[in-house]
Amino acid sequence: MNDRIQRLRTQSLMARPTISSERAELVTQFYQTGIAQKESVPVQRALAFKHVLENKSIGIDDDELIVGERGPEPKATPTYPEICLHSLEDLDLMDRREKVPFAVADHTKAIYESEIIPFWKGKTNRERIFSHLPSEWKDAYESGVFTEFQEQRSPGHTVLGDRIYREGVRDMQRRIRSAIENLDFYNDPDALNKKEELTAMDIVAEALMTFAQRHAEKLTALAGQTEDPFRNAELLEMAAICRRVPENAPTSFWEALQYYWFVHIGVITELNPWDSFNPGRLDQHLYPFYQREIDEGTLTKERAKELLCAFWIKFNNHPAPPKTGVTLKESSTYVDFALINLGGVSRDNIDGVNELTYLMLDVIEEMRLLQPSSMVQLSKKNPDRFIRRALKIVRTGFGQPSIFNTDAIVQELVRQGKSVEDARQGGASGCVEAGAFGREAYILTGYFNLPKILEITLFNGRDPRTGKQLGPETGEPSEFEDFDQLFDAFKTQLAHFIDIKIKGNNIIEQLNARYMPVPFLSLLIDDCIENGMDYNAGGARYNTSYIQGVGLGSVTDAMSALKYQIFDQKRVSMNDLIEALRADFKGYEALHRSLLDETPKYGNDDDYADGILKQVFEAYYGAINGRPNTRGGAHRINLLPTTCHIYFGSVIGALPDGRRAGKPLSEGISPVQGADRNGPTAVTKSAAKIDHIRTGGTLLNQKFLPQVLDDDGGIAKLAHLVRSYFKMDGHHIQFNVVGRDELLRAQKHPDEYRDLIVRVAGYSDYFVDLTRELQDEIIDRTEHENL
Amino acid sequence: MILPTEDGIIFRIKKYAIHDGPGIRTTVFLKGCPMACLWCHNPEGIRPEPEPLKADAKTSSGPKAIGKRTSVSDIMAAVKKDIIFYDESGGGVTFSGGEPMFQPGFLKSLLIACRDQEIHTAIDTSGCAPPNVFSELSEMTDLLLFDLKIIDSSTHAKYTTVANDDVLQNLNLASEQATPVRIRFPLVPGITDERDNLNAVADLVGSLQTIDTIDILPFHRTGEGKYDRLQRDKHLPETAPPTDDMIRQVSELFEERGLIVNVGG
Numbered sequence: 001m002n003d004r005i006q007r008l009r010t011q012s013l014m015a016r017p018t019i020s021s022e023r024a025e026l027v028t029q030f031y032q033t034g035i036a037q038k039e040s041v042p043v044q045r046a047l048a049f050k051h052v053l054e055n056k057s058i059g060i061d062d063d064e065l066i067v068g069e070r071g072p073e074p075k076a077t078p079t080y081p082e083i084c085l086h087s088l089e090d091l092d093l094m095d096r097r098e099k100v101p102f103a104v105a106d107h108t109k110a111i112y113e114s115e116i117i118p119f120w121k122g123k124t125n126r127e128r129i130f131s132h133l134p135s136e137w138k139d140a141y142e143s144g145v146f147t148e149f150q151e152q153r154s155p156g157h158t159v160l161g162d163r164i165y166r167e168g169v170r171d172m173q174r175r176i177r178s179a180i181e182n183l184d185f186y187n188d189p190d191a192l193n194k195k196e197e198l199t200a201m202d203i204v205a206e207a208l209m210t211f212a213q214r215h216a217e218k219l220t221a222l223a224g225q226t227e228d229p230f231r232n233a234e235l236l237e238m239a240a241i242c243r244r245v246p247e248n249a250p251t252s253f254w255e256a257l258q259y260y261w262f263v264h265i266g267v268i269t270e271l272n273p274w275d276s277f278n279p280g281r282l283d284q285h286l287y288p289f290y291q292r293e294i295d296e297g298t299l300t301k302e303r304a305k306e307l308l309c310a311f312w313i314k315f316n317n318h319p320a321p322p323k324t325g326v327t328l329k330e331s332s333t334y335v336d337f338a339l340i341n342l343g344g345v346s347r348d349n350i351d352g353v354n355e356l357t358y359l360m361l362d363v364i365e366e367m368r369l370l371q372p373s374s375m376v377q378l379s380k381k382n383p384d385r386f387i388r389r390a391l392k393i394v395r396t397g398f399g400q401p402s403i404f405n406t407d408a409i410v411q412e413l414v415r416q417g418k419s420v421e422d423a424r425q426g427g428a429s430g431c432v433e434a435g436a437f438g439r440e441a442y443i444l445t446g447y448f449n450l451p452k453i454l455e456i457t458l459f460n461g462r463d464p465r466t467g468k469q470l471g472p473e474t475g476e477p478s479e480f481e482d483f484d485q486l487f488d489a490f491k492t493q494l495a496h497f498i499d500i501k502i503k504g505n506n507i508i509e510q511l512n513a514r515y516m517p518v519p520f521l522s523l524l525i526d527d528c529i530e531n532g533m534d535y536n537a538g539g540a541r542y543n544t545s546y547i548q549g550v551g552l553g554s555v556t557d558a559m560s561a562l563k564y565q566i567f568d569q570k571r572v573s574m575n576d577l578i579e580a581l582r583a584d585f586k587g588y589e590a591l592h593r594s595l596l597d598e599t600p601k602y603g604n605d606d607d608y609a610d611g612i613l614k615q616v617f618e619a620y621y622g623a624i625n626g627r628p629n630t631r632g633g634a635h636r637i638n639l640l641p642t643t644c645h646i647y648f649g650s651v652i653g654a655l656p657d658g659r660r661a662g663k664p665l666s667e668g669i670s671p672v673q674g675a676d677r678n679g680p681t682a683v684t685k686s687a688a689k690i691d692h693i694r695t696g697g698t699l700l701n702q703k704f705l706p707q708v709l710d711d712d713g714g715i716a717k718l719a720h721l722v723r724s725y726f727k728m729d730g731h732h733i734q735f736n737v738v739g740r741d742e743l744l745r746a747q748k749h750p751d752e753y754r755d756l757i758v759r760v761a762g763y764s765d766y767f768v769d770l771t772r773e774l775q776d777e778i779i780d781r782t783e784h785e786n787l
Numbered sequence: 001m002i003l004p005t006e007d008g009i010i011f012r013i014k015k016y017a018i019h020d021g022p023g024i025r026t027t028v029f030l031k032g033c034p035m036a037c038l039w040c041h042n043p044e045g046i047r048p049e050p051e052p053l054k055a056d057a058k059t060s061s062g063p064k065a066i067g068k069r070t071s072v073s074d075i076m077a078a079v080k081k082d083i084i085f086y087d088e089s090g091g092g093v094t095f096s097g098g099e100p101m102f103q104p105g106f107l108k109s110l111l112i113a114c115r116d117q118e119i120h121t122a123i124d125t126s127g128c129a130p131p132n133v134f135s136e137l138s139e140m141t142d143l144l145l146f147d148l149k150i151i152d153s154s155t156h157a158k159y160t161t162v163a164n165d166d167v168l169q170n171l172n173l174a175s176e177q178a179t180p181v182r183i184r185f186p187l188v189p190g191i192t193d194e195r196d197n198l199n200a201v202a203d204l205v206g207s208l209q210t211i212d213t214i215d216i217l218p219f220h221r222t223g224e225g226k227y228d229r230l231q232r233d234k235h236l237p238e239t240a241p242p243t244d245d246m247i248r249q250v251s252e253l254f255e256e257r258g259l260i261v262n263v264g265g
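The listed protein sequences derive, respectively, from chains A and B. My numbering applies: residue 1 is where the first sequence begins, and numbers increase by one. My numbering applies: residue 1 is where the second sequence begins, and numbers increase by one.
The shape of chain A in the complex, shown without the other chains (with noise of 0.2 angstroms):
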């Protein structure tokens, strides 16, 4: 990387984490000043962005090539009063925590003691949420039987398309217009509400071009001031550009870039949606314009290289808003989850990869950041070169780029009813959710605990921790005769708080889609114009929402302990295996060695435990895929945990499978940690007896020496390895390519290993900025070594 990017590099990676309360105070004056009563909703969110845009202070910093800051300088972080307020206990605790802190200053804590919670406390989603929500939900909730997404953050979890690459702002206003003179107020019940809307849109469509003259007006006076003729010519035509995108289509690659980011910016500025913001395909989205101009001569090769990696530092620029409470536990990270989608199939169905794939893999290698994350989507129709390539990046140990399976994805969209054209154009985001990029709103919208199900129960549908009775009472399994009987019982309860979950669910969309609408976001995605409806109102030609199972590995060999141990090989009997239990293991030694070392485990290719897994599964998948959501779409299912499978733990207690008390329950579809003993092959094998292709995305890690993959023949067998489970139809596979020992070390000499980075879940974070349970977790996970 040259001296300029290295220098934006560091001044990234140094830039502290701080809360900006200029957001929260622009958005409050806006509301104080009466305007917004007087209109409706989607126009009062759009004016407030409007407000946001056009008074923010702009930054650009000296060397930058890309411009554009959702807070006032780098890691500056806003807040959004509307969604969630934090009080002065959660600022100062913000400030003080030893994971995830953000900076708070004196005068921000003033600012929101004289100005934001005065005017937002009684008014904010959040507490609208919790307003609404039933009892039996919260009971659920506060026991940890599931997360909410929703309650800190607005519904996101989107990807932009291939639409600005061919259509300027202004084209979009056009479309807004035309759509707006076309409601039928004669037989349209619900005209008035789109011409609101459609107007909202026209609003923040010129607002975003509004804030891009802004950053023309600074390049402009910043070229005037700087002696140096290089940098002089290169501001002026930084001006330039944004002169003319976002307004119309972008005719050069640097024009893309710069485009995307005022979109990303405005979509972040908006609200707080869950996942940041992504480009999705920008190999496929950026090739036309480096390809054009490579072959005119206006683009080296180079420059297009300087030009990415400073678009990359302004993804790791901007961390994920700062959360507290249960949120931050299901998501203790800076990440913010945008993840660049490299290689897969195009529209018609050609081998996607090209000479900019491998370039942008060069750039992820060299700027080994946290954010953005980035993928490869694997089809058998890339070359094997292309695997190889990306696996050479993972063997550096970063935990990027991960590995999705092309194929599976396609299918998996087509199955919930996606056209094959647009499931061709999607991919996967924030962790492993597949999605139809540009054309769907599919929100995730909570973790749900499998392992706690099964333990409820065991305790007739109360929860031993608290001795509350959360759910139906089911049968003493003391008196269950076979492992039917058990099984049937855990579907009852798991049936039973799907359904508080989607109640809430279909409670939360509602209030998003009334008082939350997004009309930036909408102007975005397809078919919100032609719809005349917002994003969180079902204005997307797709709407999912998502309920992400955890501790899938964890609730099999519990059941499997508990099928073999005592209905097969009757060598304890339920009772005293649950005194077993409720003593921690504590006195029954010699019944947890066998629990542990004698008992059917998943991840071995062992049909025994992999039945079992089957048999949840389908439990799951049935209770959940195709019920309706309120934005004409319907839940589906996706296994995945981010931290969650670490708070999920600390709320259940020892489990038969020889887990104690309060321990990390197994992530993703991963085989709990030190329970997979035939190594990877076994490992794959057993994860794709599972149907991937009727889930929204599923999440397996494997953890390898790096002496496996240090020479080329280890690489090209790794890929072997990949190529073979993605025939099986697996979804995604992850590597941690870190020895126990390192990481060992690393926990003892934090200071010596600020820059680790590991896979945790479905993205990657400095090992050091890990909580201590996380890092027990990663360290416990089986190494292939292999030697």
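Hints listed in this document are in silico derivations from the structure and should not be mistaken for laboratory results. From the three backbone atoms N, C-alpha and C, an ideal C-beta is built for every residue, glycine too. Careful, some of the hints might be misleading.
These stretches of chain A come out as covered by chain B in the derived footprint (C-beta under 8 angstroms, 3 or more residues) [unchecked claim]: (1) 675 to 685; (2) 721 to 735.
Have a look at the derived ranges for each label pair, beta carbon to beta carbon [to be verified]: (3) P472(A) <-> K68(B): 41 to 49 angstroms; (4) K68(B) <-> L744(A): 31 to 39 angstroms; (5) R232(B) <-> L744(A): 49 to 57 angstroms; (6) D482(A) <-> S71(B): 29 to 37 angstroms.
Given the coordinates of chain A, work out where chain B should sit on it, guided by the hints.
Chain B only, in chain A's frame:
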């Protein structure tokens, strides 16, 4: 003709074996070996019968015995589980040990069973077997991984407990058969790395028309804990693994004789 038998003693089935031949493989370790090399990293494979094992000092768990009489069909059930990986990678099964030819009837049955399933096979052999046995079995496999250690017969006997007449004769046989052969040379500092031995290995392999590849297998100490658990004395307590520099020098020496050299499997 070797009489096939339906079972035999094995001590491990290892999946995702990536250093025992082409592609992703499953390696089946047959127990029993006529040699007892000082540097052996699979000492649990030497004695032909199952034997007791002390608990692992670190975890105080693990199996209490090593080696199990196992049927061909049970082994094939395990082997067949990974067919998708063999197909994708051009891999298959490797029979190792111990000395797999030490149980000739058992190995023959396994080779037949693999051939029936169209699974690629490799035999990882010390070459220490009666020539008629060697010849029959090596014709039945798709690849021979032939360990060549020490050329001088008395030195060979000193470090491996047996003279190498059979080994050398079998190497000749192998070079005249259709089955492809890769030579595997354990590089053990102070034992196999003597100048004369290196030259003799290079000369011998170089003289064989059909064999041009040699894999250098650097000595490592990962088998050490096993001696302890088998309650046997470590035979090479002081020997350190060869340095990268030593490995490079040996590679160069072999390459100068026109051999294709790989380090590792």
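Hint check results:
With 6 residues having a Cβ less than 8 angstroms from any Cβ of chain B, the segment 675 to 685 of chain A passes the three-residue criterion, so the hint holds. Check on the segment 721 to 735 of chain A: 5 of its residues sit with their Cβ under 8 angstroms from a Cβ of chain B, so the three-residue criterion for coverage holds. Separated by about 48 angstroms at the C-beta atoms, P472(A) and K68(B) satisfy the suggested range of 41 to 49 angstroms. At about 34 angstroms, the beta-carbon gap between K68(B) and L744(A) stays in the expected band of 31 to 39 angstroms.
Taking the beta carbon of each, R232(B) and L744(A) are about 31 angstroms apart, not inside 49 to 57 angstroms as hinted. Our hint of 29 to 37 angstroms for D482(A) and S71(B) holds, since their Cβ atoms are close to 31 angstroms apart.
In summary, the one numbered hint that this structure violates is 5.
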